[in-house]
Amino acid sequence: MSLIVQNLTKKYGEKVVVDNLSFEMDKPGVFALLGTNGAGKTTSIRVILGMLAYDSGKVLWEGKPFDAVNMSVGYLAEERGLYPKYSLLDQLLYFAKLRNVQKKEAMEKIKHWSERLLVEEYIFPPKTKGKGKGKANLAEQLSKGNQQKIQLMAALIADPKFLILDEPLSGLDPVNTDLFKEIIRGEIAKDKYLIMSSHQMPTIEEFCSDIIILNRGKTVLQGNLNEIKKGYGRVNLFIKSEKDIASYISMFGLKIQNKTPSEYHIKVQGEDQAMSLLAKLIEEKIPVVKFELREPSLHEIFIEKVGSVHEDE
Amino acid sequence: MKMSSISGWRDVFAFTLKQTLKSKAFIIGFIIFVTFSILLIPIMNLVIGDNVEEEGLIKIQTVYVYNETEITDIDFTKVSNLEIAVNDLKFITENKEYDDVLEQIEKDDEPAVTLKITKDEGMYFLHFTKASSGIVKNTELELLGNAVMESFEQIIIDNVDISDEQLEVIKSEVGTRVYTVDSKGKEIILEDTSISYNDYWLLYGILFIILMVNMTASTKIATSIVTEKSSKVIEHLLTSIKPLAIIIGKILAMLSAVLIQFVFIIILLFISNSITSHYINPGRENILKDYINPDVINNFGIDKIIICLLIIALGFIFYATLAGLAGATTSRVEEVSESLTMFTFTSLIGAYVGMGAAGTLMGTGENAFVYFALIFPLSSPFIMPGAVILGKTSVLLVISSIIVQIISIVLLFRFVARVYETLILHNGNRIAMKELFKIAKTVKEGSVNEK
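Order-wise, the sequence lines are chains A and B.
Last residue of the first sequence: 313 in our numbering, with the numbers rising by one and none dropped.
Last residue of the second sequence: 764 in our numbering, with the numbers rising by one and none dropped.
The following block holds chain A by itself, in its conformation from the complex (with noise of 0.2 Å):
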């Protein structure tokens, strides 16, 4: 199975805002759609969805026209959307018959994601004494977060192949975004197809192998990202001693990014700038505590390619 997005365009009247936009997905993993706001993302996913037509390119699951209404995919939107005065179990079982999962099944699954997602009293309330029933909870007296947990759960009712997933972690509280990675992982685990998209750089970088960086609809960084990573090389010196290194560091021409009381953070331009730093604070007979040269982070990849980008301009 294999996702294949080719030079898909998208406009809106004269301004594009899917910019040639290709990318493709051989195996069961996690792809990162990155970019600042207003960047195509959202525009991006929903083009490649099918609910916005594009003027030009193709998106191909398994060599034929990706179609989500005739495959299984799950979309769990940026913005929250559900109906704010129905019932939220008229609404799942709603949801789940859109994706013909029948009702028995439906509820099972309902059951069972209600009680990972610890949200088991909203939707199957408590009955009330002296009646059959309790009343059911709307969609709009849940809480942000636990609007978020339901719509988790309409994604991922019909055990969809193929997800994606706009912003999942945004808004929520430390305990409920590590049970959402949690299940994240479990979704990868089961040999799945994900998009994610999200703002959060440390969360892409636990999870997604690939990405691509969009900025006003185009791209402009894409590939492996331990690739990346390597392609940029270990140009982050992380330095820890007892004593003042300033000048030896300014002796080499480096340029300090960061300094805590005892430790340095210093951009080089190669692993032979760092080591050379390093055999002259030996020669001082100055005690280095800690020596370290790590890639780049994501954030900072994200930042130079999207500021490089806006400075163009």
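None of these hints come from the bench; they were simulated from the model.
Backbone N, C-alpha and C define an ideal beta-carbon position, used for all residues, glycine too.
Don't take each hint at face value.
[Said to hold, decoys possible] Restraint ranges, calculated between C-beta atoms of paired labels, are given here:
no.	chain 1	residue 1	chain 2	residue 2	range
1	B	Met655	A	Tyr12	49 to 59 Å
2	A	Thr9	B	Arg323	34 to 44 Å
3	A	Asp191	B	Lys331	31 to 41 Å
4	B	Phe583	A	Gly13	43 to 53 Å
5	A	Thr9	B	Met655	28 to 38 Å
6	B	Asn742	A	Gly38	13 to 23 Å
7	B	Met655	A	Ser297	53 to 63 Å
8	A	Glu115	B	Asn742	40 to 50 Å
9	B	Ile720	A	Asp67	30 to 40 Å
10	A	Thr9	B	Asn742	20 to 30 Å
11	B	Thr677	A	Asp55	53 to 63 Å
Once you've looked at the hints, dock chain B against the given chain A.
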């Protein structure tokens, strides 16, 4: 329109119908309609029954007559219409002082009135006086007055001593007749196709109910579409179902809810009529027959009910599609009423044309304007059901109306479907009419891929 584009509409239909029937607004509306249907006939019976009772129970027993005219020997008891109208009524020619009699009536609290007959400038006047705090009601006195007036006219005629033949000549009415002839002078006989006052109100009532239910249901469709957009549910739905299936499911669900209401109203009206006629007031054969032409009731068969429901359903689909357009152009619930302006305006045009046709039918009968109103897609849903019930339309007109309605729905739906598909994720200001045509044209030209 591909079949795959509408697959899943049944699920939308079932969910929307279930939620609509469960909604407080529907339940309250339904209770009001049911109560109205059940109580209408007993209330009508009560009102009509009271009138009948009053007619037979004028409690006035004595009329003290003071005659100040030249006519002698006034004997009201000889006049037949008074015997029918008033039981055990005595007319006493009084010699006592007028004021004394009035005082006595007031004091004794008896069911009596005085009648002073005067003549002034060639006119006779009948002055009735009742005690201010007596038991005689104004309505009774009014009824008595009308009966006495008619009797007095007869007394005047009898008093001048003319023969019956002479009287017949005097009473002969003068009328005019207008004939229409063709070029050969042959008379063209025009059938009187006008309707009665009661028939007019029946037409008007049906029109008003359809208008009311139509507007309520269509507003709900627009609101439901906007709610799905504003609450972002639509994004989730679109991964499982195409936009066309959503709008078709919604319209048909609301149509079903409306038809359920209509069928219940009709059934309950007949049940209520039957119960009232048989148990509450066994003396009255059929309350509805007092207001509705008996021919209408006798000829009201299942065929007419089906035709009426079909026309109402088509009209509803037409207006619901228009309301769907209003919903598609709006992304905020608070803007729904503003976006429904065009829909309301169009509905009112249709209803007013229908009302005009009903008035024309009562005044002059069938003419070109009435035929137009029966076929015109905006007005036919309002006026045609009533015309079918009254038998004031031909099979040809009904078929023409249905065909025109179906064509209008198809054309409107194609336009709305294009707009809806394009604007389903629109989030911003309301789209103006000019923009809508632009969108529909753009999609038609195929500048946007259709998958």
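Comparing the hints with the structure gives:
no.: 1; hint: Met655(B) <-> Tyr12(A): 49 to 59 Å; in the structure: 25 Å, violated
no.: 2; hint: Thr9(A) <-> Arg323(B): 34 to 44 Å; in the structure: 36 Å, holds
no.: 3; hint: Asp191(A) <-> Lys331(B): 31 to 41 Å; in the structure: 37 Å, holds
no.: 4; hint: Phe583(B) <-> Gly13(A): 43 to 53 Å; in the structure: 59 Å, violated
no.: 5; hint: Thr9(A) <-> Met655(B): 28 to 38 Å; in the structure: 35 Å, holds
no.: 6; hint: Asn742(B) <-> Gly38(A): 13 to 23 Å; in the structure: 18 Å, holds
no.: 7; hint: Met655(B) <-> Ser297(A): 53 to 63 Å; in the structure: 55 Å, holds
no.: 8; hint: Glu115(A) <-> Asn742(B): 40 to 50 Å; in the structure: 44 Å, holds
no.: 9; hint: Ile720(B) <-> Asp67(A): 30 to 40 Å; in the structure: 32 Å, holds
no.: 10; hint: Thr9(A) <-> Asn742(B): 20 to 30 Å; in the structure: 26 Å, holds
no.: 11; hint: Thr677(B) <-> Asp55(A): 53 to 63 Å; in the structure: 59 Å, holds
Hint compliance for this structure: hints 1, 4 are broken, all remaining hints hold.
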